[in-house]
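Asks: Chain R is already provided as a structure; the job is to place chain E on it using the hints.
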Amino acid sequence: MITDEVRRVLLTAIDLYPQASEVLRRQLIRLDEPLRVAIAGKVKAGKSTLLNALVGEEIAPTDAGECTKVVTWYRDGPTPRIVQFPQGKSLPVVRRDGALEIALDGPADRLVVDWPSQSLRSTTLIDTPGIASLTTANSLRTTHFLSPEDSPSEADAVIYLMRHLHSTDANFLESFRDQGVARATAINTVAVISRADEIGGGRVDAMISARGIAARYRSDASLRGLCQNVVAVAGLLAFSGRSLRQNDFTALSALAALSREELDSLLLSADRFADGSVERRGLLTRFGVFGIRLAVTLIRQGVNEPSALASELVARSGLLELQKVLHTQFSERRHLLKARSALLALDGVLRSVGDSRLTGAVERILAGTHEFAELRLLSALRSGAVKVPDAELASRLLGDEGAHPLARLGLPRGAGPQEVGQAAFAALQRWQRHAENPMLTRRSADACRVLVRTCEGLLPRR
Amino acid sequence: MSPVATTPQQAVELALAAIKRYERPDLEQRLHQAKARLADDQVRLLVVGEFKQGKSMLVNGLVGAPVCPVSDDVATAVPTVVRHAEAPVVTVVRAEGRTEVPLEDLPKFASEEGNPGNRERVQHVEVGLPRPLLADGLVLVDTPGVGGLSSVHGAATMAALPSADAVLLVSDCSQEYTAPEIEFLKQAMAVCPNVACVLTKTDLYPEWRSIAERDRQHLVDAGIKAEVFTVSSTLRWHALQTGDQEVNTESGYPPLVTYLRKKVVAQADLLARRSTLHDVLTVIKQIVDSLRAEQTAQENPESVQQLIRELTEAEQRAAGLKERSARWQQTLSDGVADLNADVDYDLRDRMREIVREAEDALLAGDPQKIWDQFSVWAQQAVTSAVSANSVWATQRARWLAKKVAEHFDSDREQMLPALRVGTSDPMRSVPELSVRESDKFGIGSRLLTGLRGGYGGLLMFGLIGSVIGLTLINPISVGAALLLGGKGIVDERKRLTTKRQNDCKVALRKYVDDVSFHAGKDSRDMLRGLQRDLRDHFTTLAEQLKRSLQESIQAAQKSVKASQGDRDARLAEIKTELAALERVVKEVRA
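Read top to bottom, the protein sequences are chains R and E. The numbering of the first sequence is my numbering, which starts it at 62 and goes up by one. The numbering of the second sequence is my numbering, which starts it at 401 and goes up by one.
Just so you know, these hints were derived from the structure itself, not from any lab. Among these hints, one or two may not hold up.
Claimed, not checked - Here are some chain E residues the structure puts well away from chain R; computed CB gaps all over 10 Å:
no., residue
1, Q429
2, K435
3, A439
4, K452
5, V474
6, E500
7, G528
8, R616
9, D669
10, H678
11, T712
12, E715
13, Y745
14, T939
15, E943
Said to hold, decoys possible - Reference listing, derived: stretches of chain E covered by chain R, where coverage requires no fewer than 3 residues with Cβ under 8 Å from a Cβ of chain R:
no., stretch
16, 572-585
17, 598-605
18, 952-960
A virtual CB, placed ideally from N, CA and C, is assigned to each residue, including glycine.
One chain only, chain R, in its complex shape:
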């Protein structure tokens, strides 16, 4: 198992370089911890809202203005606890209307929130301040956190939020490509078109437009090399869907009972809708114009159960799609991603002490582990550095759509070992044929050999 190999190398390194034992020991502990996923993006991209949607609870404070000012870690814990660093001071846990309120005590460089939650069990989520903020210090904090110049990144994977692809976004994504050894950062980045519900002025078909835009970005050559996938998500809607309450449902049903003209006139603008009514204002804050329009339409179409409405809203928000992508791209590969982070850190240590005794061992893991070869190839294919015939099949085979053998071979769920064997064998033959094709360049042929090896691994053992 790759984790064990990495652990062994780390242990040896701790013995060899006592001066760096602190850093290395931390990496060792990190190997057994949940995967660390950072949520990054420009100011007001909806990072905290998405985090809340992923967790299903309002634990990241959100506001109309720029809100997140400190890098905040949210991890699973037995009891709620907030600790402010560098002081290491515990802050009081205050909840108002279900929302967690955090009042900083003096200057802080990071916050750690322990929160008992199923969603945080396998991944630690990290909320970051927005880049391109008017408060430069906040921006710098994020950039430094995600792509520090002197030490490896603290995060294993990144969800990058953008409203539309800006040059700042592209720069930022690029800044964490190309870091030392493993060099496959497109692999651990997923881009999200956030606040997708606001596209097209919050019309009921906004999400369809947003998905179209996501598809365009997905096929955009410049973005392909920078991130693994692009998904459109309406964070606010997802969160409200996950935390839908009975009184929300009642209020929405009441709205749905209004005549069409009356409702259209109400929903013409946020101001009209919220005019003088505290309840409606609350509804607007929680659902947004699009959310209300969608919910009312759904209720009119006959969704008459709070739970049914909730699941429909979540489904329409694109959250499920994102969760699936996160699962295939991050969770299924978490050992690999964590190992990669650890090796990056070790590589940094080796460079700084200028010792080459362990370089060989690190190289051996990197070169000898087929998973890394797959990752590297996948990244090269995406960025267009290497070209192979049937590139789409190749990407899928390398686990672009999920690491499970069925996903790799493009078989329907529930396919038996017989079918898997046949498909794997067919793929094996295909790539062997390509590998022997004399017209291919050497790099392409090498790539085909990696694919052959992947197919061999997929063949059922006799």
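Replies: For chain E alone, coordinates are given in the frame of chain R:
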């Protein structure tokens, strides 16, 4: 007298009619110029902002017609110019010329969907619409937001700023101002008289009031004095379709339209009115002055000699104004020389800074890997340096023109001629702004670099090739060399990297040189044009002054020889003429 105030056009016509009998083609010429200036008097309003902020919707809402393509994805591909016309008309402007196209074809050229990446090579699209808002000469320019404010496009927008009369920065209410937006506003404030901020999509964001409040605070913090308007184009559109006045009020458009009418257009109008009025009054005054001189001479024949002496002195002074030694001429030539040197130095300094920074970046690693990002960065840095330089040059030029005018006539407020600014775009003459293309650094040239890098490889494979029966230069051995060049042999790698670094440095320097050359030429042209314009303007003024004085002298001399009867008749004539001119002045001033 007409109770209605005379328009500047009418004033010019009145003056023209009044001075016709004095046969002064020079003064008539001046009035004709003023008329021509009035005729093409446009108020250019630039609508700028990051993309997807609702710029096109804003323009559509202002004119009440779907002239700019709107889409959920990035929509506007090329600038759309909306101006007044008797009937709706769409004109596509390319470098080669203008073509009229049917109205429904507009999206084919203006939208990103119909014209992706501007493959039609359109410079801009002009839409003519019969709208009262546009009738006063207001021209709306919807700029594409592609790439954002800090991109090459953004710099081009920046360079267009000095030629704009007003700028609307559009930003939606989903978030407060970002750093690039504030930066843009700061620069815009420096060169443009009217800058206003428009916050759009108030219908979608319940928190828009607090966002607007924060934005106002950001403006105050940055020391920017600009009005902020909050609008909802959706509501405006709804109101236009249903005619619902209440919704129209809610949309926030009425104050914006009033601002455009009362502040932007009216201010430009006021300026036009003042300068025309000034022209008309000076022209009439010159004629009145010579009539008065004649009158004095006719009334007191004994003091004629004294008068002639005074007039001759004045004429000599006026002639002196044309001399090179005149103070304003000095100021002008010194000023232009200084400005030339300063602008040139500024450009060089900016470029040197870029080259220095770029070379540091290139030396830090293998340029092959960073070339793509690097070339984009270089283009961007160079473009913004050039636009900043030209904006600065324009500012200084305006200041110089003012100084010269002050010198020319310190006790009378002189109107400036239309300055030659913003008419040309220095970046246009540089081949496509691209290191890669200008230096063949595209696909072909990456090949070329690869070939150079793989030179040793080429020889080696050539040798192997010849051994197995192939000649030195053939596609296969070139391909093989490329392979080696890409891979690099460990010993060779360092040398190749150094070579690539040098190649890139040369390419960069060449590009910067190219741009500096064109931009330098452009700013020198601009200054030379400015110098010529100012010189001609003031020389003509001096000429007119001199001619008027000459006429007065002649009239005075004639009066010496006249008989008493003639004298009385002439005096009566002069009186009626003066009264007529006075009437014109009164009317014009109304």
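Asks: Evaluate each hint against the coordinates.
Replies: Taking the hints in turn, this is what the structure says about them:
no.: 1; hint: Q429; result: holds, 51 Å
no.: 2; hint: K435; result: holds, 46 Å
no.: 3; hint: A439; result: holds, 41 Å
no.: 4; hint: K452; result: violated, 5 Å
no.: 5; hint: V474; result: violated, 7 Å
no.: 6; hint: E500; result: holds, 32 Å
no.: 7; hint: G528; result: holds, 28 Å
no.: 8; hint: R616; result: holds, 13 Å
no.: 9; hint: D669; result: holds, 34 Å
no.: 10; hint: H678; result: holds, 44 Å
no.: 11; hint: T712; result: holds, 67 Å
no.: 12; hint: E715; result: holds, 63 Å
no.: 13; hint: Y745; result: holds, 30 Å
no.: 14; hint: T939; result: holds, 49 Å
no.: 15; hint: E943; result: holds, 54 Å
no.: 16; hint: 572-585; result: holds (count 8)
no.: 17; hint: 598-605; result: holds (count 5)
no.: 18; hint: 952-960; result: violated (count 0)
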